[in-house]
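Engineer: Once you have looked at the hints, place chain B on chain A.
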Amino acid sequence: MVQEKIIELLAEATDTDAAEITADTAFADLGIDSLDLTEMAMQLEEEFGVEIEMKPEINTVGKLTEVVEALRG
Amino acid sequence: MSFRIIGTGMHVPSKVVTNDDLAQIVDTNDEWISKRVGVRERRFSEEEFASEMGLKAAQNALANAGVKAEEIDAIFAATVSGETSSPSMSCMIQNGLGVSCMAMDVSAACSAFLFLLETAAAFFALHKEFRKILVVGTERMSGILDFNDRSTCVIFGDGAGAAVLERGENYLDSVVTVKGGDTVIKIPHGNGNSPYFKREQDSPYIHMQGQETFKYAVNAISQDITALLERNHLTMDDIAWIVPHQANKRIIDFAAKRLGVSQEKFFCNIEKYGNTSSASVPIALDELARSGNLKRGDKIILCAFGGGLSNAACLIEW
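For the record, the sequence lines run as chains A and B.
All letters in the first sequence, in the order written, are residues 1 to 73 by the numbering used here.
All letters in the second sequence, in the order written, are residues 1 to 318 by the numbering used here.
Looking at chain A on its own, in the form it has when it is part of the complex:
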């Protein structure tokens, strides 16, 4: 559910086909920058009721999914 939402947001933000985005997709490969990531993190915070601290090492769809799922408990 979290991963689907992340992929949906990324597909919308980058005008990419959602089917082309997987857990291994790196944010850098989608051509998005730190403010795009912040926007996405804020939308995820609202959607899942968590507070995300974005760090450089959270650089793929899979890693962000793990972080959000861990925060949701």
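Rather than coming from a laboratory, the hints here were simulated on the basis of the structure.
Note that the structure is a prediction, hence the values are computed from the model and not measured.
Since no wrong hints were added, every one of them can be taken at face value.
In silico DSSO-like links for lysine-lysine, alpha-carbon gap of 27 Å or less:
1. B/Lys-179 to A/Lys-55
2. A/Lys-55 to B/Lys-257
3. A/Lys-5 to B/Lys-249
4. B/Lys-35 to B/Lys-15
5. A/Lys-55 to B/Lys-186
6. B/Lys-272 to B/Lys-249
7. B/Lys-186 to B/Lys-35
8. B/Lys-35 to A/Lys-5
9. B/Lys-249 to A/Lys-55
10. A/Lys-55 to B/Lys-35
11. B/Lys-249 to B/Lys-15
12. B/Lys-179 to B/Lys-257
13. B/Lys-272 to B/Lys-186
14. B/Lys-257 to A/Lys-5
15. B/Lys-15 to B/Lys-272
16. B/Lys-249 to B/Lys-265
17. B/Lys-295 to B/Lys-265
18. B/Lys-198 to B/Lys-186
19. B/Lys-265 to B/Lys-299
20. B/Lys-128 to B/Lys-299
Structural biologist: Quick look at chain B alone, frame taken from chain A:
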């Protein structure tokens, strides 16, 4: 009893610096800055200090209001990039205007123009004899930019904005929030040359964490505007314009998205001037007022956010 705004004015230096010009100095390009920040060009002062720009903006606001400088009961000014710590910016402008009245500065970085209005409202309430107050935000941001730091030097610009306030009823409501801390935005002073002081200080330029600033700013705009609307039983349809601090187009666009309101409702001129800190709201207000798209009786919201951290918004009837 509060005030109404009876005149606005601005002044920017004549030197236009485009993104292509900056790309000659730092590793950046027009496409990235235009798309990612929303700035196409900015003004950088070659000759004028902040107080001189502030004085011209003040004179333009007085002319616009049809008010003589001698009629002003107090001058409140703000800057983070003035040429002196003392005299204060307001004193320098007062001297330039050649008048004698109360004058003092309010320090609240990019939010400062809103804090100036709040201060003016308080002084109108305190001093029943006060009829008119001049408020000025003026910045020579180029003096506190690190032109080796491409993440900040492309964002800001120089300029000044002012407004003449007259005792009235049109400052309808305001929210003011401060959350002290220096980790997100910081502008240190120089170290001085004391032979006794042992500690190092950060360089005397703007230090800003982009992601945290973005998050803070979007939340500040959304929460402040929502609070003003709810408290006053208004909807966005009742608001003619939102005039936000021109920090970054993406902050404004994302805040608009979160508020569920068209970006068209937000007056933006960041593409021409960049982020001019305390001057950005009065410059935007002046351009909006002179564009003819603001009518007497319109309800507008001004909002700003910045170092402090501080943020504020107010509801005004034009």
